[in-house]
Structures are given as structure tokens and as C-alpha cells.
Amino acid sequence: MQKNVLLELKSEKVLTNLKDSVRTDGRKLDEYRKISIEKGIYQNAEGSAKVTLGDTEVIAGVKLLPGKPYPDSPNEGTISVGTELIPLASPFFESGPPSTDSIELSRVVDRGIRESKAVDFKKLCITEGELVFIGFVDIYAINFDGNLFDASAIAAIAALDQAKIPKIEDEKTVKDEFSGKLKLERKPILSTFAKIGNFLVLDPDLLEETAMQARFSVATTEDNFVSAFQKGLPGSIKKEDVDSAIDTAFKAAKEIRKML
Amino acid sequence: MQKNVLLELKSEKVLTNLKDSVRTDGRKLDEYRKISIEKGIYQNAEGSAKVTLGDTEVIAGVKLLPGKPYPDSPNEGTISVGTELIPLASPFFESGPPSTDSIELSRVVDRGIRESKAVDFKKLCITEGELVFIGFVDIYAINFDGNLFDASAIAAIAALDQAKIPKIEDEKTVKDEFSGKLKLERKPILSTFAKIGNFLVLDPDLLEETAMQARFSVATTEDNFVSAFQKGLPGSIKKEDVDSAIDTAFKAAKEIRKML
Amino acid sequence: MQKNVLLELKSEKVLTNLKDSVRTDGRKLDEYRKISIEKGIYQNAEGSAKVTLGDTEVIAGVKLLPGKPYPDSPNEGTISVGTELIPLASPFFESGPPSTDSIELSRVVDRGIRESKAVDFKKLCITEGELVFIGFVDIYAINFDGNLFDASAIAAIAALDQAKIPKIEDEKTVKDEFSGKLKLERKPILSTFAKIGNFLVLDPDLLEETAMQARFSVATTEDNFVSAFQKGLPGSIKKEDVDSAIDTAFKAAKEIRKML
Amino acid sequence: MTKEEKKVYVNKKGLRLDGRKIDELRPLTIKAGVLKNAKGSCYLTWGQNKVLVSVQGPREVLPKHHSDPLKAIVKFNYRMAAFSVPDRKNPKPGRRDIEISKVCGEALEKAIMLEKFPNTQIEVWAQVLDSNAGSRVAVLTAASVALADAGIPMKDLVTAVAVGRAGGKIILDLNKEEEDAPDAVDMPIALMTSAKEIVLLQMDGLFSKTEWDEAYELAAKALEQIKEKQVQALKEQFLQESMETETKEKIKAEVQ
Amino acid sequence: MTKEEKKVYVNKKGLRLDGRKIDELRPLTIKAGVLKNAKGSCYLTWGQNKVLVSVQGPREVLPKHHSDPLKAIVKFNYRMAAFSVPDRKNPKPGRRDIEISKVCGEALEKAIMLEKFPNTQIEVWAQVLDSNAGSRVAVLTAASVALADAGIPMKDLVTAVAVGRAGGKIILDLNKEEEDAPDAVDMPIALMTSAKEIVLLQMDGLFSKTEWDEAYELAAKALEQIKEKQVQALKEQFLQESMETETKEKIKAEVQ
Amino acid sequence: MTKEEKKVYVNKKGLRLDGRKIDELRPLTIKAGVLKNAKGSCYLTWGQNKVLVSVQGPREVLPKHHSDPLKAIVKFNYRMAAFSVPDRKNPKPGRRDIEISKVCGEALEKAIMLEKFPNTQIEVWAQVLDSNAGSRVAVLTAASVALADAGIPMKDLVTAVAVGRAGGKIILDLNKEEEDAPDAVDMPIALMTSAKEIVLLQMDGLFSKTEWDEAYELAAKALEQIKEKQVQALKEQFLQESMETETKEKIKAEVQ
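Chains as they are written, first to last, in my numbering: chain A, 1 to 260; chain B, 261 to 520; chain C, 521 to 780; chain D, 781 to 1036; chain E, 1037 to 1292; chain F, 1293 to 1548.
Isolated chain A (complex conformation):
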């Protein structure tokens, strides 16, 4: 990603404002921007969703394709998450192979679904040891104004939650026929915080991201589990930051989960 010099200059005010207890856009420290979720928007995708988080917009699509299971889990399908930070979303995104940033993002979204057991991989089995579904979740940022982590994770969950399972005959997908829906076992919600000075702010926008020293993400589930942590960037956080992030995340996730 190229540098946005203008933004860097503006970002110097973010911390000053926080010391006066004001976020640049007027939000409280533990407040998300306006969220909206649209589902089932593309016909070629088995599941799809568009998530807007303030001016950040992200699209996710799911394809369920038959494939071979791993030898050590013959009765389980799997998922594969890819994110692309395409130049549509920002004059500072470049075309080309996935950047380090988009690889971290993909992997955090992937693990967030996989390790929280949001998808029952056994439900993706077609014929034990022979054929399973692989759920490809592809995520495209279309407008970037900060916090792609939460927007992407929510879009992925929303797209998976209503994905149709293709009907299979002779090991091949039957066009436009479905055997049911993929229902999620759990809907983990990722909540990302920016550490700016000594402040921890939820759902940073681009300006706040430019000012942050560290990024910290917490995923929480409806059955009261913390299902993921990911700390990023060169700054440090404290035990207390994590504790308070967890509490805020549980509260925020409850609201978002209702919108799914």
C-alpha cells in the first residue's frame, strides 16, 4: 500500500481529541459506526453478503465446491478464506498478488470461523472418505475507511449463514438445485480495537487507524466464549486492555448478531 501523506498529517489530531474525550467523528470509545448487512445478493454465489461499517464496504461470496477430504478427517469438509484489497476500495490499494496485510486478514477471518467451530465440517461431507464440500469464502473490500477486519469477518459469517448447499449427482453439482442450507453452529463476531496513546477505541475508522500504535481484535460467541485474539502492529497492549476489550466485545457482538 502506498502512503497517504494527507491522512498522516490529519491523524495527529486524533490523540489530542481523545484526551478531550472526543472521537473525531463524535462516537463513544466503545461504539461501532452505523452497520448494515445485506444478504443473498448474487445468484452465482451459494451465499453472499455486503456489509457496510460507516464508509467501509465489504462484499463476501461463498462457493461450495465438491472436493477430496483430507486423509486425516475423511468425513469433514473444510473452508478456505481469501480477501482481496482491490483498488476499487482505495487509491492506496494496488493490484497484484495478496499483500501481507490481506494475508493476515484472510487468516484471521479463516481461523475465526474454523476454530470457533462456527461451521460443522461434518455437515459438508458428501461421501465419507471420497467427497466433501470445500467452502470458498472470497471477500472483496470495495470502499476502505478503516476496520476491514470486522467488516470482513461479519460479511463472511453473513454469507456462510444463508449459503445454499448444491445438490450432488455423480460427484458433480447439479446446476441451480440445492439440498438445503448451511446453518452455522455459532456466530462469532470479531470486534477490533485501536490502541491510540492510552486509549482503546472500538471499530477505528481510517483516520484512527492511521493514528493507532497497535490493533487488537477479539471474537466472541453467543455462548459466552472468547473465540479469537489477534494483536497486530508494532505497539503494545496491556492485560487491562485485553480485559476491557473482551467486555466491550461481548456487548457489541450481541447487537451485531441480531442483524445477521
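These are computed hints drawn from the structure, not numbers from a lab.
Worth double-checking, as some hints may not be accurate.
In silico lysine-lysine, DSS-like type, Cα no more than 27 Å apart, as pairs [claimed, not checked]: (1) K122(A) x K175(A); (2) K786(D) x K172(A); (3) K692(C) x K1288(E); (4) K172(A) x K872(D); (5) K39(A) x K164(A); (6) K759(C) x K1298(F); (7) K1323(F) x K432(B); (8) K1540(F) x K273(B); (9) K498(B) x K786(D); (10) K432(B) x K1299(F); (11) K1075(E) x K117(A); (12) K643(C) x K1298(F); (13) K1075(E) x K530(C); (14) K1288(E) x K530(C); (15) K238(A) x K1232(E); (16) K1384(F) x K872(D); (17) K758(C) x K1521(F); (18) K518(B) x K443(B); (19) K435(B) x K383(B); (20) K1245(E) x K117(A); (21) K759(C) x K1501(F); (22) K251(A) x K39(A); (23) K1408(F) x K1394(F); (24) K559(C) x K1072(E); (25) K1042(E) x K695(C); (26) K637(C) x K1298(F); (27) K1367(F) x K758(C); (28) K692(C) x K1128(E); (29) K787(D) x K949(D); (30) K559(C) x K684(C); (31) K1128(E) x K588(C); (32) K1313(F) x K1298(F); (33) K771(C) x K1501(F); (34) K533(C) x K1363(F); (35) K643(C) x K432(B); (36) K254(A) x K28(A); (37) K1501(F) x K1323(F).
We have chain A already, so just place chains B, C, D, E and F on it with the hints.
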């Protein structure tokens, strides 16, 4: 491709000459350069041909390899065309992965064969649903003096037309044994024009290509079909250009087809 | 690889010293630096070895994985050698895809094992025509002070010689169980010489490599065969150089083979 | 295959498999100015096709020696989302993506007043989100709107459509089912309609010269309709922008 | 699977499958200054894990426009040898390698006084030679030692460990068998222990908030032990370097 | 395999499977100056092998920092056409192509007066169009002619051949069938014959020292013959060029 500055300077005269009804090398607007076609020149290739078009020289070779058919056409083989603009052919060609120019060229030659049904893909079937031939057509420019499109397309047709079909035993090719020849159903000939000012000239040489605003190619068949169009480069053409190109192409193709 | 300017300056003295019959580090022309070989050092590798040659250090590991045999040798496994010149070993090595230097090195080590029939590929067969072992030999330079060829070749032989053969059930490897050891049929030892002026010196260190015009490697076996030649770099050698290199190599190899 | 051949692509009433007439477009909507971070943008839906196009620049070319001292260069990127096709599309651009990017970029170059911006580059990103035959004409039509939305001076809009043949009839705007007809011919064409300049033309199949004439006429008429929709989208966007500015001014006035 | 679920990860005596106590580390050895050609280096073994880390730089950034005029940049390369895992690792770095390199590099940046070396880059190469759960905390712990061995000024060492859950118990320093437990949670964490600043924290699984608290405490205590080993390794290396210098001086003196 | 082992590679009359004598080359033709756009070129056929080599340069090195201020650098590209082998060759250069390019380029460097062209590069493109054992010695022999045709000053031509063993006999210029003998050894060698300087030497197999001696002698003799053909090709090309120039001059004179 690097820039050939000298050629660019010279090319400024091309249009001036055309206004005086003269092509730089004395040809008429609808006249090809001297064409020659040599066939069956390499032993490791199932089919091969060398085409010279004035000073432009191109080599094509065909390998027929057993492979799996596509699930939606279990009794059909297929073809795959690749072109390489290697530094042999011009000090301005560079080694490395296929350039945008060579990708367009490959795809135009590929579609020209495929969509005109020049090859009956069913004749490439070995065992329905199991094994078919894939015809790899690889084309190398060895001397570049303009109009690689027509030289490559003719070389591909010539190489395919006399390709030997390997004998197959136990799903494998038997060395140096053949079950027959691949006869083409149709021999589409590609004819390419340069739009220079308001003039449309057939078979542009390198100097004319340097002067052209648009490139337009028409393929025609012996049974009176137009089987392909491809307009390239930033300039525009008119309906009348297309009409006249079609007429010229039919006439020119008839002569070239005799040489195959 | 970037240039080491300091070393280039120092290297000018190498030839001057040789004319006074002195190698910079005091060795005789046909003398190896101190060699040590450690074997069986990593648990995840089926075989492994670390070779030090003066300050040059190289690690090799072997993985034996089940795979399909080549159609033309259904009852034979095979090997595949890769070398990586990682930045651990020298501030002048760069990360990235294999360099030309490392490709030549890999191929010389690979052929040295393959063509001397050091490994009986038939012993790598699991089920004829179905399943064989592929022996992946991966070599990492960890400290570079010249003559990676001999260090790598010796490390590969040492790692292969004591490699355990995994037990196979249902076409899959059984974790931590082995059916025996891969015993080598032959232990070819590669001996590499630097041509500096009219001198031929065995086992050049980095300083001598910087001064050499040509590199020449000879592999010899315990049953009195010369099993490989590889001449590299722009300089030339003479018939007499090859003759004398062969004699020296046989003597040196005998000593090294004892250490395996 | 025999089943396919028995399909009636145009019935006795002159209606096609999806109920359209021979010269009828699939539903087409165009909206300009949809992306906040792009200099210009356009969201276009055309039947099942859904495409999003952004324009950035003119801006400096990097590395510099790729720039042209006489004019701007155009970088057109056609990309299909992995989920935008029945099977999954590999995210890495393939040969088809590269060719489409090339011919669409070239089609736009003729229309843009490139000489006004020497040493710069104009970047068009065309993302297909859902598809069903005709995505290249969809993105090209949308790109032209996005360029205008970005305020880049153009001689004329570029307007594109596909015509072709299925079941022996020349028809407008083929869908996937029609493209799969045994005798199908598909011909994407783009014009600057004012002077009838053809800036994109591709065709593969077996066409008689008469069919070419017929197809061209069918396309030319449809392009007028489509251009109207492009212009309408730009007008709406212009209106909205003006209103937003006005509202802001008002608010400012009231505050003071 | 049923067999797996019956495994007792911590028995009645409080001992784990490999005989360790809940808060017991696998054997850990650290040696600094092991590579002649590196500015700094460290060889670390931790249970079956064996890692080798080198540091080069600070040196000029190429190409120059990637450099930062205010500080040094850190390039961290985490790589697994092809033979360091039960299956063969493809030598080309994959997405996992790239993510680990990113988070480990970022974890070190906070500790290094980067502003002392503007326009330069510090390169860390972390090569895993053998592995069994916990290789990222092994290389990060080693990298910190290699940086100090290279004489690069740091605010504090970075010290890393993994904690997690297996069989319902919060345990320290999971091995592969424990990581494969059906209820396994793995949480790598790195601190600058002096000020208890968390510079790396990752976790995936299903943890209650209480478990997080417990895991953090377990990690924090272990990190003190590990840091002592880091310091010890650096002291030994310092001692040896001094002795070598002294010996050299002596020899010189004697010769003269 | 048992069948293979029974093959008689050299029969009682001293003749090989293809009827050649032990010291007999396959038919060899060399033609210089065959490509209009190349500075120098050569088309060479050697048995079934057919290779085309072009030379460009000396010309500026890009990027500049790759150039050598003391001499020209040589870029040798060995490439096999996809259809030049029994199976299809993947067009992407593989490890074999890269190694052959390296050793052939190095073999030529010794012969070229590189110091006459500092800061430049000489590019050799060696395209194999058909092959049957011995393509590397074919391209190297042809490259040397192409360099001379390009007017690049050389100390001596580089001349190459392969010798080896099949069925227990040392033979010249092995074909594929001989290379596949169970006891086959293949040894490509290139000399600057005037001073008997070995510039390329590779061998793999099991050779006794006596066999090496014998093989070297066989090669050395053959190289004299091959060099004669190289020289002959250059003379013919020189003659033709002179004639063309003369003809042009004549025509010019007549016209004036």
C-alpha cells in the same frame, strides 16, 4: 516490448505515402507480402509448419497428448494455443512470461480454430469420458517484420492439418506409431488490416504497424463464413472498413488456402 | 547475490601467495579444511546431517514420501534435491526463489547421487506401478565460507545413508514407525577444485573462490569410478588439470568416506 | 446435445427463452458515483450481470519510465470475483481477463482526451460481482460512465452491447443459455455513437456477411438506448452532487 | 476420535502425557553467537523444536524508496525447513509463514530503538529445523537474543511462550499431542516483561474469560524463567567474546 | 529392461545401432546469418537436432546497476520449443534449462573479448526446435558461429561435442537410444581447440580413469572436424554478404 525509436521516425512517412497511393514497399492496399509454407519439418512434433510472410517468420508445432475430457463434453478433446515472442525474432522482444500482446495473439489464434469448428473435437476422443487428445499448438515468432497474427494463424492451421494422431495403448502413447492423421473440417484464414489515417491496408509490415492507429482482423472460411473479428489498439474503425475488409479477406484467403 | 567488495580486494593476494607455494590459510594445494559430520539430528526428518568444512556449514534433511512412480519405471522410486542459499549463511545471500547458483548446485548434487546409482531406486518401490517413495533431500547453507558443492554433496550422502524408511499402511505413512533403513549402494564423494592462475586448489574457501577463474568438481566412488564432472565459471581448464584432479579426488574421498 | 438442438430459441410469437423480443435488452440499470474513495465510479446491473467500476487518476506513473510524455496511459483491469461464475474463478487473472482488459482499455483510449494529461495514468478497475453472458460489454459501458463521473474529459461516451445468433436468428444481448446454443455466435461491439466509430469489435463463430450487416444494425439501434441510460445516470449524479453542495451551503449559512 | 477424547491430558497426580506438570516448560536451551557470518545469531532448542536465527544490519534499504527517513525497518523471515515437519513443507513461503513473519516482526519493533537507525533495515532470518508445536514463540524468543547479540540497542528483550487448554486444563507450553486435543486452545503470547507490555497475542478456540485470566498468569510467570535463560545466554556469549579478545591480545603481546 | 540389456550397441563390424562407426558424428550442417533481425545468427542441424541461435548486442544493460564497468556480460538463454521433445515441454524454463544456460554462457565468456565492451550485455538466444540427445553441444557450437556472425571479436571459436559409453564401448556423439543404454555415460565437452582449453565439461555415470582418457581423445579429434564446419559456415556467410554488397553496389552504379 521496448521502443524502436528509429522505426517511429520512419513511420511518419507511411501515411504521406499512402495519400500518394503508395505503400512503402510498393504493394497494393489489398496485397499480401510473399507467403511460403513449409510443413512437417520436426520429428518430435506430431505436426509442424513454418510460415514466412515477407520477412516475418513463424514456426508452429503440434503435440497431441492424452488427457482427461471436460466433464461437460466427455467425448471431445480440445486444443490449447500458446505463442511466444522470443528475442530471436526481434531485438525489441524480451524473455519472460507471456506479454499482453502475446496473450491476445494466442487467444485470437485459439478461438479462430475452436469457434470455426476447424477441428472436430469428437475426433480427438480416445475413450468417452475417460481419455481424449489435447492438441497443444505452440507458436514461435523467429523473425518479426509485422503481422504476426496472420503468420501465426496460418502456421497453426498448417501444423494441425497434417498432424499425425499417436497410437494409444493402455492410456499411453506408443512411441513413433500413429493411428492416422488429423484432418481439418475447415481451414479458416485470418486476414489482418492496419488502419492508417483513412486507409485500410492488408498484411501490414512492421513499419506500417508502427504507423497504424487500429488493427482489424477477419477470418474467413472456404464455405463463405466470416468466422472471426478482432479489433485492436486505441484507434477506431467504421462499418465500411469492416465491410471492405471482409471482401478483401475472402479473396486473399482463397489464394492462401491453396498453399496449405 | 550482492557483491562483497572487500573480499574482492583481498582476493588479489591469493594468486601472489600461491606463486610462493602458500595458500592463504596455510593448507597444501590438495588439502581439505577440517571436516566434521553430524548425523541424525532432527526428529521430523527421516535422515539428517550437518557438515562443516572449515567455516562452511551445511544442513541436509531427507523426507521419504509415498508418491506415484514414473510410467516408464513402475518399480522405482526417485529422489529430488533442493538447495537453499538462505541469508543465515551470508549477508550476501538474498531471500527469494532459487538463484541460478543454487539451481546448478542442486542439480550437481542430484545427478551425483542419481547417476552413480548410490541409491537403488528399486528399494524405494512400495507397490509396483502404484506407489513408490520419493526421497526429498533439502539442503540449507547456514554458514558460507566457500565450497558449498562438496559440503552439500557430503551432507546429502550422509543424510540419505542413515535415513529410516517409513512404514506404509493403506498407501499412507504410519507415524513414527519404520520398516528399515535406506542403505546406500555406493557413497560417491564430490571434490571441488578452484583454478587460480595455473594452480588447482582443492576445497577453496570463500577468499579463494573470489579469486578463481574456473571451478571443477569430480566425484569418485569406493569402487574406483569417476562418477561426475562439472566445470563451472568462465575460465578454462586443461586435460592435465582434470587428470590431476581425479587423482587428488580419489585420495581425499577415501578419507572423507571413513567419516560417514 | 440432442435436447439442446431441439430448443426453440425464438418461438413463433418472436419471443425468446426468457420471454424477450429479438431486439430487446435485458433489464439495465446504471448508477454513477457509488464509491466514496474513487475519483469516479459506476454500478451497473444488466440482467444477472452486476459490475462495479472505479476510476482513479490521472496520477503519476510509477515507475516513471513507463510514462508517456505526450499523453496519459490507461490501465484497465477486468476482474471477476471468485463467486461471480457458476464454478469458482481462480482469483489470479487468467489469459481471458488479460485480453478483455486490453481490448476494453484500448476501446476507451480513443474516447478520452489523453493528450491533456501527459506523463500520467488513468486507472480503471472493473469488478464483476455476478455474471451471465455479456460481462465485458457491461464493464465497458460502466467504465465510460465512471470516467465521466471522474470528470475526465472525453470526446464521446463509449457504449457497448453484444449481438449474435442462436437458433438461426440474429438476436440482441444474448444470455448464457443463448450463448450455449449449438449454432451460437457472439459479437461484442462498442461504439462512440455520435460518429459511429467502432472502438471494440470481436466475434467468433460462423457468420454470413448478411448476418454481420443485420447484427450491426441491431447493435447500433440498441446502443442509442443504452447511451441514453448512461447519460441519464450521469445527470442524476450531477443533480445529486449539486443538491449535496447546496444543502451543505445552506447548513453552513444557517450555522453562521 | 473416541480414542482421542478418552486421552487424559492431565492425570490425577497433575502430570501431563509427557510427564510434565501443568506449569512446566519443555527443556529449553539458548546459545547466542553461533553463526560466523551473521551480525548476531541464536540457536535455540525447546523440546523437539530446533531453531536458528540470524540478524543482519542495520544496513541500507534497497530499493531506497522503501526506506523510512525516521527509523529502521524490520524484515522478519520465518521459514520452516522442508524436513522440519512430519509431512514435507513446500519450500515456497506460504500464507502461514507470511503471517507469522508479520506478527513476529511487529512484536520486535516495539523493543528495538529503531529511531537510532533511520533509512536502514534490520533483517531477521528465523529458520525452523525441527518442530513440535510452539515454533513461533521459539523463534521470537531466539530472535530477541540474536538482536542483542548483534549489538542492536533494545528497550527490553521480547520473551514468548504459548499457553492453552487441553482436556479441560489450562497448561503451559503445549506440545503437538496437546495441541491436537479435541478441546485444545493455543495462545502464543510475547511480552517485554519489565513493563508487562504485550507485543504478540494470538488465540483461537473457545476460551472463557476466566480461562484467559488463568492462562495469562501462567504465561507471565513462565516468561520470567525464559527471560532469565535469554539473559544467561547473552552473558555467556559476552564472556566468551571477552575471553577470545583477551586470548588474542595475550598472543599478540607474547608475539611482540 | 532385459530386452534393453541385450541390445548390441556396437556390433562385430564395429557399427552402432544407427549404422555409424564408433568415432562417427551424426550428419551436421551449419548455416550462419539466417535471421534478419538478429545481429548474428546460426541454424544448425545435427542428426535429428535442429537449433536456431541468435545474438543481440553488445548493448546497454538494463537495469544499469547490473552492468560491469570492466567488461560485457553474457546472457545465454537455452530454450526448448514445447514440441521439440517426445513429451510436451512446459514453456516455462525449468531447472535443466537454467543450468544449461549457465554453463553454456560461461563456456562462451572465456572466448569473447568481453573487455572491449564494458557496461554492455551480449544476448544469446538458443532455441531448440527438434531434439534427440546432444542439444546442449549443438546450441553451444551454433552460438559460437552466431557470435562470430555478429562480428563480436573472439579469441577462438568454442566447439562442442558429446562422447560417452554404451554397451561397454566409448563412442562419439551418442543418440537418444545410446544415452538410454543401461551402462550409458554421457560427457558433453567444449574446447577452444587452438590451445586445447576446456570451457565446458560435464559427466555423470560411472567412468574409469582410462575411459576418461579414451573419451577425451575421441572428443578432441571430432572437435577438429566440427570446427572446420563452423569455419566453413562463416566463410560462406562472409562470401554471400560480400556478394550482396557487391550486387547492391553494382545496381547502384548502374542506376546512377
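The hints, checked one at a time:
Distance restraint check for K122(A) and K175(A): the Cα-Cα separation of roughly 23 Å lies within the 27 Å cut-off, and the hinted pair is therefore satisfied. Only pairs whose Cα atoms come within 27 Å are accepted, and K786(D) paired with K172(A) is accepted, the gap being roughly 25 Å. With a CA separation close to 62 Å, the supplied pair K692(C) and K1288(E) exceeds the 27 Å bound. This hinted pair checks out: K172(A) and K872(D) have alpha carbons roughly 24 Å apart, not beyond 27 Å.
Pair hint K39(A) plus K164(A) holds up; C-alpha atoms about 12 Å apart against a cutoff of 27 Å. Between K759(C) and K1298(F), the direct Cα distance comes to roughly 34 Å. Violation of the 27 Å bound is thereby established for this hinted pair. The suggested pairing of K1323(F) with K432(B) is violated, with an alpha-carbon distance near 38 Å, which exceeds 27 Å. A hinted pair counts as satisfied when its Cα atoms are at most 27 Å apart, and K1540(F) with K273(B) qualifies at roughly 24 Å.
As the CA atoms of K498(B) and K786(D) are separated by approximately 37 Å, the hinted pair breaks the 27 Å bound. Distance restraint check for K432(B) and K1299(F): the Cα-Cα separation of roughly 24 Å lies within the 27 Å cut-off, and the hinted pair is therefore satisfied. Of the pairs offered as hints, the one joining K1075(E) and K117(A) is violated, with about 45 Å between alpha carbons and a cut-off of 27 Å exceeded. A threshold of 27 Å between alpha carbons decides the hint, and for K643(C) with K1298(F) the separation of about 24 Å falls inside it, so the pair holds.
With a C-alpha separation of about 21 Å, the suggested pairing of K1075(E) with K530(C) holds against the 27 Å cut-off. The hinted pair formed by K1288(E) and K530(C) meets the criterion: a straight-line CA distance of about 22 Å does not exceed 27 Å. Only pairs whose Cα atoms come within 27 Å are accepted, and K238(A) paired with K1232(E) is accepted, the gap being roughly 7 Å. In summary, the hint linking K1384(F) to K872(D) is supported, as the alpha carbons are separated by about 18 Å, within the 27 Å threshold.
Between K758(C) and K1521(F), the direct Cα distance comes to roughly 24 Å. Compliance with the 27 Å bound is thereby established for this hinted pair. Of the pairs offered as hints, the one joining K518(B) and K443(B) holds, with about 16 Å between alpha carbons and a cut-off of 27 Å not exceeded. For the proposed pair K435(B) and K383(B), the alpha carbon gap of about 20 Å is at most 27 Å, so the pair holds. Between the alpha carbons of K1245(E) and K117(A) the distance comes to roughly 18 Å, so the proposed pair stays at or under 27 Å and holds.
The hinted pair formed by K759(C) and K1501(F) meets the criterion: a straight-line CA distance of about 12 Å does not exceed 27 Å. Simply put, K251(A) and K39(A) have alpha-carbon atoms about 23 Å apart, close enough for the 27 Å limit, and the pair holds. A C-alpha spacing of about 22 Å is found between K1408(F) and K1394(F), which places the hinted pair at or below 27 Å, so the restraint holds. Restraint check for K559(C) and K1072(E): satisfied, since their Cα atoms lie roughly 22 Å apart, inside the 27 Å limit.
Annotation: proposed proximity of K1042(E) to K695(C) holds, straight-line Cα distance about 20 Å (limit 27 Å). Among the hinted pairs, K637(C) with K1298(F) is consistent with the structure: their alpha-carbon atoms are about 20 Å apart, no more than 27 Å. Taking the CA atoms of K1367(F) and K758(C), the gap is about 25 Å. The hint holds against a cut of 27 Å. Of the supplied pair hints, the one linking K692(C) and K1128(E) holds, its CA atoms being roughly 24 Å apart against a limit of 27 Å.
Under the criterion of a C-alpha separation no larger than 27 Å, the hint pairing K787(D) with K949(D) is consistent with the structure, at around 13 Å. For the suggested pair K559(C) and K684(C), the alpha carbons sit about 12 Å apart, so the restraint of at most 27 Å is met. Our distance criterion of 27 Å between C-alpha atoms is met by K1128(E) and K588(C), whose separation comes to about 22 Å. Between K1313(F) and K1298(F), the direct Cα distance comes to roughly 20 Å. Compliance with the 27 Å bound is thereby established for this hinted pair.
A distance of roughly 14 Å separates the Cα atoms of K771(C) and K1501(F); the hinted pair therefore holds under the 27 Å criterion. This hinted pair checks out: K533(C) and K1363(F) have alpha carbons roughly 22 Å apart, not beyond 27 Å. The straight-line distance between the Cα atoms of K643(C) and K432(B) is roughly 26 Å, inside the 27 Å bound, and the hint therefore holds. Proposed proximity of K254(A) and K28(A) is supported: the alpha carbons are some 18 Å apart, at most 27 Å.
The straight-line distance between the Cα atoms of K1501(F) and K1323(F) is roughly 37 Å, outside the 27 Å bound, and the hint therefore fails.
Violated hints for the displayed structure, listed by number in ascending order: 3, 6, 7, 9, 11, 37.
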